[in-house]
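All chains should be modelled from the sequences, with the hints used to inform the complete structure.
Residue numbers (my numbering), protein chains in the order written: chain A, 1 to 80; chain B, 81 to 556.
Among the hints, a few may not be true.
What the hints assert, rightly or not - Not close to chain B: a few residues of chain A, all C-beta gaps over 10 Å, as computed:
1. Ser4
2. Gln5
3. Gln6
4. Asp21
5. Val27
What the hints assert, rightly or not - Here are the simulated distance ranges between beta carbons:
6. Gly513/B to Ala43/A: 20 to 26 Å
7. Ser331/B to Thr2/A: 51 to 57 Å
8. Pro340/B to Ile53/A: 23 to 29 Å
9. Ala61/A to Ser334/B: 29 to 35 Å
10. Leu46/A to Ser382/B: 18 to 24 Å
11. Ala47/A to Asp132/B: 36 to 42 Å
12. Val482/B to Ala61/A: 35 to 41 Å
13. Leu146/B to Gln18/A: 42 to 48 Å
14. Asp21/A to Asp414/B: 16 to 22 Å
15. Ala47/A to Arg480/B: 36 to 42 Å
16. Asn374/B to Gly50/A: 40 to 46 Å
Because the hints were derived from the structure by calculation, they are not lab data. Small disclaimer: the values here were computed from a predicted structure and weren't measured. For each residue, glycine too, the CB sits at the ideal point set by N, CA and C.
Single-letter residue listing:
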Amino acid sequence: MTYSQQTIREIAEDRGLQLDDAQLTGVDGFLRALSDGLSELRAQPLAFIGSDIRLPTDVLAWIEGYATSSGESEEPGDAS
Amino acid sequence: MTGFASDEVHTRTAAGLIDAYGSGATTPTEVVSVLSERARGVNELVNAVITDCTASALESAAESELRYERGTQRPLEGVPIGLKDTIATAGIRTTGADAIYGDWIPDEDATLVQRLKDAGAVIVAKNSAFSFALGHEVNTHHGATRNPWDTDRTTGGSSSGSGAAVATRQVPVSIGSDTGGSIRLPATWCGVSGLKPTFGRVPTRGAMPLAWSMDTTGPLARTAEDIALVMDVIAGWDPLDSTSSRSTTGSYLSEIGKLPSGIRLGVSVDWYNEICHPEVQAAFDDAIQFMENNGIEIVPVSLPHAPMSQTVGWVTLLAELGSLHEITIDRLADYDVGFAEYLINSQFIGSGDYLRAQRLRTLLQDDYTKAFDRVDAILVPGNASFAPRFDGMMCDIGEREVFWLEIAARTTYSANITGIPGLAIPAGLGSNGLPLGIQILGRPFGEQLLLQLGHLFQTGTNHHELQPPITCSKAP
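If you want it as structure tokens, here you go:
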């Protein structure tokens, strides 16, 4: 999804930002560069019910899990 | 100076300086004086410093000198250290490399700064950076930090001054921050080592946030040994930092030479090396061969969601920085032009995309869980290419050139998204005379193994000892 420059300007104004021409061009370019990635992001299959529905804190829980179960307490080289 | 000449001081690592202080070969005051003079000369070319702290550093150095005389020295006694200027220092201006907080003089130190001072380190400079750890390669308020290997090129960022200062031997260590690769990219492009610790391993309290769910702080230095020395001081739980981990820290320095046997090193079979300059690939292959020759088993691993890491990273970063800077977005014209662009871009990231990105973070963590079931660490390129020239900022990847932002975070973002640690170390020079590097990714809280592997590599190679030509011809 990309926006027209007019839409970008309107959305920015709606947020209280008056964009000059250089800023408008910069935003337009960045959003175009990101658009393929965003399309891919939005196309990733995510489950209605499934393992990918987790709490935001699960990102941290995964990290901390290594501290207690397999991080520094585990001897490197023990991987099976 | 009794032990070595002043023109040798800058060649010493932090560990080397501590040895020299202990033996009486030199003193902290002499070292701070010599390095400060050197920095003033070099920075006319590379612009690695926003605030010179020589005056207060000399006071601290004098105290360190007394401690050596009395035998009460601490672990980093008298070691000159730089700090990225997004990290708060009590009584010393902390600008964030921008004008929005350009006159801010903090009342207290960031936690890691307090720990460094308590260990005897001497803060000599606030190093330049991309604005708020993200802006563009040419900082509107402080100018461009130039790559010491070719001053027409960027250092990369955002810890640009830290990378340039360590490479030009202004300091043996500088502390940077890494939210998408901001320690590892300038380390790679400046030919130095840099550790992005596990999320929560080193307190970030007092470091200006960029994206709170991915921000980390860590050291850039010439050697893995110096990084270990500093990590022993700055790592560990901070009760005042809600993102800080309570897990125990390693004894990084004392264990650095004790690499366990039977280590398995993963090499990604997909994506990571798909875009890569042939000379970077060749250096990467040499590193694999080095590890194999040293008894490390190489194991192919797959990370299926890695191709999404850049988009997940950018969406997360933009959404969080937009929220953080909401309070001053009405002062858009006061910001660095590059950062202002990102701030505007952040307004176009929807909640649906942000939440989708967070769900994909856990899927990428699942990829790493499976990989780390089979291997102890993973080797990837430091960056796919060399530092680009300021005019155009295009990176040569062999058959074509790409705009630098397409690859700047390609090999680094996944560590921030998942929270795992990554150690960037030099792996030689290209035929263009520019540094290239490798990166070792580890399990959460696996910094010790990364430093052991980095140390092994640096005991068998001399890439980390290479000096940029600027230090030979221009420095005092």
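Structure-based check of each hint:
1. Ser4: Given that every Cβ of chain B is farther than 10 Å from that of Ser4/A, nearest at about 13 Å, it holds.
2. Gln5: holds (12 Å)
3. Gln6: It holds; Gln6/A is separated from chain B by about 14 Å at its closest Cβ, greater than 10 Å.
4. Asp21: At about 13 Å from chain B, Asp21/A clears the 10 Å cut-off, so the statement holds.
5. Val27: Val27/A is in fact no farther than 10 Å from some Cβ atom of chain B, at 5 Å.
6. Gly513/B to Ala43/A: 20 to 26 Å: violated (43 Å)
7. Ser331/B to Thr2/A: 51 to 57 Å: holds (52 Å)
8. Pro340/B to Ile53/A: 23 to 29 Å: violated (38 Å)
9. Ala61/A to Ser334/B: 29 to 35 Å: Given a distance of about 30 Å, which is inside 29 to 35 Å, the answer is holds.
10. Leu46/A to Ser382/B: 18 to 24 Å: holds (20 Å)
11. Ala47/A to Asp132/B: 36 to 42 Å: 55 Å Cβ-Cβ, so the 36 to 42 Å window is violated.
12. Val482/B to Ala61/A: 35 to 41 Å: Because 36 Å falls inside the window, the suggested range holds.
13. Leu146/B to Gln18/A: 42 to 48 Å: violated (58 Å)
14. Asp21/A to Asp414/B: 16 to 22 Å: Given range 16 to 22 Å: holds, Cβ gap about 19 Å.
15. Ala47/A to Arg480/B: 36 to 42 Å: Holds: the Cβ-Cβ distance is about 38 Å, inside 36 to 42 Å.
16. Asn374/B to Gly50/A: 40 to 46 Å: The hinted range 40 to 46 Å holds for Asn374/B and Gly50/A, with Cβ atoms some 42 Å apart.
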